[in-house]
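One-letter residues, chain by chain:
2 protein chains.
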Amino acid sequence: MRFSRQMITVEDALHRLLERLGKQGSEEVHIGEAYGRTLACDMYATEDLPHFDRSPLDGFAVRAVDTVAASPDRPVRLKVVETIAAGDVPTVALAEGCASRIMTGAMLPAGADAIIMFEQTQQPAAIAAEVGIRRSLKPGENVSRRGEEIRQGTIIAHEGENINAGTMAILATFGYAHVPVVRKPRIGLLSTGVELLDVDQPLIPGKIRNSNTLMLSALIAEAGGIPLLFPNMPDDLEVAKGTLTEHLRLVDVLVTSGGVSVGDYDVMAALTDEPEAELLFNRIAMRPGSPTTSLMLQGKPIIALSGNPGACFLGFELFVRPTILSLSGRQEVRVRTIQAKLAISYTKPCPYPRYLRGWLVEEEGVLYAQPDFNEKAGNLGTLKNSECFIIIPAGGSGKQAGDLVEVLSHAMPSWKVREGKRL
Amino acid sequence: MRFSRQMITVEDALHRLLERLGKQGSEEVHIGEAYGRTLACDMYATEDLPHFDRSPLDGFAVRAVDTVAASPDRPVRLKVVETIAAGDVPTVALAEGCASRIMTGAMLPAGADAIIMFEQTQQPAAIAAEVGIRRSLKPGENVSRRGEEIRQGTIIAHEGENINAGTMAILATFGYAHVPVVRKPRIGLLSTGVELLDVDQPLIPGKIRNSNTLMLSALIAEAGGIPLLFPNMPDDLEVAKGTLTEHLRLVDVLVTSGGVSVGDYDVMAALTDEPEAELLFNRIAMRPGSPTTSLMLQGKPIIALSGNPGACFLGFELFVRPTILSLSGRQEVRVRTIQAKLAISYTKPCPYPRYLRGWLVEEEGVLYAQPDFNEKAGNLGTLKNSECFIIIPAGGSGKQAGDLVEVLSHAMPSWKVREGKRL
Numbered sequence: 001m002r003f004s005r006q007m008i009t010v011e012d013a014l015h016r017l018l019e020r021l022g023k024q025g026s027e028e029v030h031i032g033e034a035y036g037r038t039l040a041c042d043m044y045a046t047e048d049l050p051h052f053d054r055s056p057l058d059g060f061a062v063r064a065v066d067t068v069a070a071s072p073d074r075p076v077r078l079k080v081v082e083t084i085a086a087g088d089v090p091t092v093a094l095a096e097g098c099a100s101r102i103m104t105g106a107m108l109p110a111g112a113d114a115i116i117m118f119e120q121t122q123q124p125a126a127i128a129a130e131v132g133i134r135r136s137l138k139p140g141e142n143v144s145r146r147g148e149e150i151r152q153g154t155i156i157a158h159e160g161e162n163i164n165a166g167t168m169a170i171l172a173t174f175g176y177a178h179v180p181v182v183r184k185p186r187i188g189l190l191s192t193g194v195e196l197l198d199v200d201q202p203l204i205p206g207k208i209r210n211s212n213t214l215m216l217s218a219l220i221a222e223a224g225g226i227p228l229l230f231p232n233m234p235d236d237l238e239v240a241k242g243t244l245t246e247h248l249r250l251v252d253v254l255v256t257s258g259g260v261s262v263g264d265y266d267v268m269a270a271l272t273d274e275p276e277a278e279l280l281f282n283r284i285a286m287r288p289g290s291p292t293t294s295l296m297l298q299g300k301p302i303i304a305l306s307g308n309p310g311a312c313f314l315g316f317e318l319f320v321r322p323t324i325l326s327l328s329g330r331q332e333v334r335v336r337t338i339q340a341k342l343a344i345s346y347t348k349p350c351p352y353p354r355y356l357r358g359w360l361v362e363e364e365g366v367l368y369a370q371p372d373f374n375e376k377a378g379n380l381g382t383l384k385n386s387e388c389f390i391i392i393p394a395g396g397s398g399k400q401a402g403d404l405v406e407v408l409s410h411a412m413p414s415w416k417v418r419e420g421k422r423l
Numbered sequence: 001m002r003f004s005r006q007m008i009t010v011e012d013a014l015h016r017l018l019e020r021l022g023k024q025g026s027e028e029v030h031i032g033e034a035y036g037r038t039l040a041c042d043m044y045a046t047e048d049l050p051h052f053d054r055s056p057l058d059g060f061a062v063r064a065v066d067t068v069a070a071s072p073d074r075p076v077r078l079k080v081v082e083t084i085a086a087g088d089v090p091t092v093a094l095a096e097g098c099a100s101r102i103m104t105g106a107m108l109p110a111g112a113d114a115i116i117m118f119e120q121t122q123q124p125a126a127i128a129a130e131v132g133i134r135r136s137l138k139p140g141e142n143v144s145r146r147g148e149e150i151r152q153g154t155i156i157a158h159e160g161e162n163i164n165a166g167t168m169a170i171l172a173t174f175g176y177a178h179v180p181v182v183r184k185p186r187i188g189l190l191s192t193g194v195e196l197l198d199v200d201q202p203l204i205p206g207k208i209r210n211s212n213t214l215m216l217s218a219l220i221a222e223a224g225g226i227p228l229l230f231p232n233m234p235d236d237l238e239v240a241k242g243t244l245t246e247h248l249r250l251v252d253v254l255v256t257s258g259g260v261s262v263g264d265y266d267v268m269a270a271l272t273d274e275p276e277a278e279l280l281f282n283r284i285a286m287r288p289g290s291p292t293t294s295l296m297l298q299g300k301p302i303i304a305l306s307g308n309p310g311a312c313f314l315g316f317e318l319f320v321r322p323t324i325l326s327l328s329g330r331q332e333v334r335v336r337t338i339q340a341k342l343a344i345s346y347t348k349p350c351p352y353p354r355y356l357r358g359w360l361v362e363e364e365g366v367l368y369a370q371p372d373f374n375e376k377a378g379n380l381g382t383l384k385n386s387e388c389f390i391i392i393p394a395g396g397s398g399k400q401a402g403d404l405v406e407v408l409s410h411a412m413p414s415w416k417v418r419e420g421k422r423l
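Heads up: the sequence lines are chains A and B, in that order. When the first sequence is numbered by UniProt numbering, its final residue is 423 and no position is left out of the sequence of numbers. When the second sequence is numbered by UniProt numbering, its final residue is 423 and no position is left out of the sequence of numbers.
Take the hints with a grain of salt, since some may be wrong.
Sample of chain B residues with no beta-carbon within 10 Å of chain A, all distances over it, derived [what the hints assert, rightly or not]: (1) Met7; (2) Val143; (3) Gly224; (4) Ile226; (5) Glu238; (6) Leu280.
With a straight-line cut-off of 20 Å between C-alpha atoms, the simulated EDC-like cross-links for lysine to aspartate or glutamate are [claimed, not checked]: (7) A/Lys384 x B/Glu148; (8) A/Lys384 x B/Asp48; (9) B/Lys348 x A/Glu141; (10) A/Lys384 x B/Glu332; (11) A/Lys384 x B/Glu159; (12) B/Lys384 x A/Glu161; (13) A/Lys384 x B/Glu161; (14) B/Lys384 x A/Glu159; (15) B/Lys384 x B/Glu317; (16) B/Lys384 x A/Glu47; (17) B/Lys416 x B/Glu364; (18) B/Lys416 x B/Glu363; (19) B/Lys384 x B/Asp372; (20) B/Lys416 x A/Glu161.
Hints were generated in silico from the structure; no laboratory data involved. None of these values were measured; they are calculated from a predicted model. Idealized CB from N, CA, C, for every residue including glycine.
Put together the whole structure using the sequences plus the hints.
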């Protein structure tokens, strides 16, 4: 079916792939290793937070009723009966006319119901037997009540959430020294093509160095997969079948680059005609990368990306990253597209939606999508500048500067400024 | 100077810190380990890219002059003299009336000056001794010329750039098996306070588990530093001086959390009065985290963050991340603030600029900044939701929904939808 492929949309292609994916099992890791992993189950608050009434500032714990008459001119004097540091358990219950020095995070003494900060007392720098209270306090003022932030038993993080630094903090607070996480999917990776040299090989006429494998390996790891690199594969179909079958035993998904088009030696394209293979898709309504292919072999998915570096990069973001996130059990498998105003006109006709590499620009609260001026998909030199894909719909007229376009953000925006003149 | 600190702006504080930082030396790493590192020098194209005239598609290499009369109705028939796969060196120069089958990425044969794709020939699926060319070609059509993407000697990536997946690809293409990168800075990390328990210790009255160290450790590693965790430090000033002096020998910068306020046991605050210490700042016009402190000791910077988890988190992004990026020699040390429309009104008065945690929302190309509804800085449970800080200027009236506000984006936007009703 070299020249008679059935074209489907990016959406349909991704759907066909995702519905064939299982989910990884789980494992426990020490919390120190949990950053960037995916929670394998809901996590609960093991205690109230805070788990005792505490002071949110440095000052004096008082009985509010004792401060009713206090003013800057006529401060109320209270007897200081104790100093309570963070970590201490107070030993003295406050009686009428008494106060305790209390530090940020320290436990409120019995009898106290309000806290005044040092700066609102007389002579805040002095440590003395008495304190002058310069304003009245309401019961409960400046007291962090037990459980006011989080009640014991509340869900603090959900299954399928990425564990970020904030998640680490809340898990540590509730004593989760070990965290149940989803096992990282093992993503096999190889390139096809006898023209490929390794990075440390000298160039010879007709051949080029393999750039896709190192690029994809970095992206796989960054997306949360374990990249397993296999040697470049020759273009012999029988050898390829045997090799891929062996590799598939070791991985959850196999990602290849190259060999998907209509060339005489395009082994991944040829493979889709074999009886052992179940084709998921091999022609997608998109530029670049329309021959991007996926098939099932030995019950496992192969995602065969284009060998063109730009198309390979796009194919990773459209198909491989969601695959890794889905296998990882992530809540959000697909990046939400947003809308932005096109920063410069792009009027080149295209029969399919075109994904331009670029970046987001912000001006007075309005989002602009700046296409990289070098639109050549194969241009290796500008891959590193890409932070998003700008989707130009199919058709003959493209989009004008200022038109709203769909944007797929694939990297953290660096909020670069716009290139070229302002609109 | 417990109650008489000099207040400075966030900008000034960061400036005072950054001007005291040196730059790390460099080292060579294998390209497989280079992702996320910072380039230590400019990198150059070692060859032209492509380094030979090549075909960007699967088809036939021809002499354009032979195709002048070709049309769909009257195809020109050419003799096929060779098949050139990617990686091959062509062996036959094209004579008049001849063509070579040529695959994507393959070297152009001598004599050829244009390429026609299979689909524009007669019977594209057949491999035959002749080919029917169904349209005329211009000289140079569909030929990727040597050096057309990048000329030998061009800078392909600059000193101080982060090495992302695209950088990996271009470095691999030019044969950089080893890459000069800036050494990762060693960031010491400890918490102060006897109230802190480790994550695996049971809670006891008055004490809490340490959440800042694990959170900061994850953030330091993510920002490109090597976190070195030291034990919690007691609040004895003399012991602290000795301990910190020892730790500083092992690190480039020391980050602490806690002990910066006006409490009786705030050891980091007390340290700034010691003759060995040179104070950089200890009061910043911001909420939360105004007592965030920095000092030089033994010629090395200490950044003493607030122990309050929300203030600690903010202090990391405002001061520690730029420190790590600066030590790493990164081009962009500071995150550019952007503007967005405030999604909901925030009218609480504040004497200093207030940094609200939140996230960016996009609606029809307009950016909105959505504050997290729980504004309590100490609220550990919502740290994980934060993707940006929304800066509410000092003053009595705050900002209304729809007002433009400054936003500091600290994590990749997940483009969540807005909470609450639409404007």
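Each hint tested on the structure:
no.: 1; hint: Met7; result: 14 Å, holds
no.: 2; hint: Val143; result: 13 Å, holds
no.: 3; hint: Gly224; result: 14 Å, holds
no.: 4; hint: Ile226; result: 14 Å, holds
no.: 5; hint: Glu238; result: 18 Å, holds
no.: 6; hint: Leu280; result: 22 Å, holds
no.: 7; hint: A/Lys384 x B/Glu148; result: 18 Å, holds
no.: 8; hint: A/Lys384 x B/Asp48; result: 19 Å, holds
no.: 9; hint: B/Lys348 x A/Glu141; result: 17 Å, holds
no.: 10; hint: A/Lys384 x B/Glu332; result: 15 Å, holds
no.: 11; hint: A/Lys384 x B/Glu159; result: 14 Å, holds
no.: 12; hint: B/Lys384 x A/Glu161; result: 10 Å, holds
no.: 13; hint: A/Lys384 x B/Glu161; result: 10 Å, holds
no.: 14; hint: B/Lys384 x A/Glu159; result: 14 Å, holds
no.: 15; hint: B/Lys384 x B/Glu317; result: 14 Å, holds
no.: 16; hint: B/Lys384 x A/Glu47; result: 19 Å, holds
no.: 17; hint: B/Lys416 x B/Glu364; result: 14 Å, holds
no.: 18; hint: B/Lys416 x B/Glu363; result: 11 Å, holds
no.: 19; hint: B/Lys384 x B/Asp372; result: 11 Å, holds
no.: 20; hint: B/Lys416 x A/Glu161; result: 14 Å, holds
Checked against the numbered hints above, the structure violates none of them.
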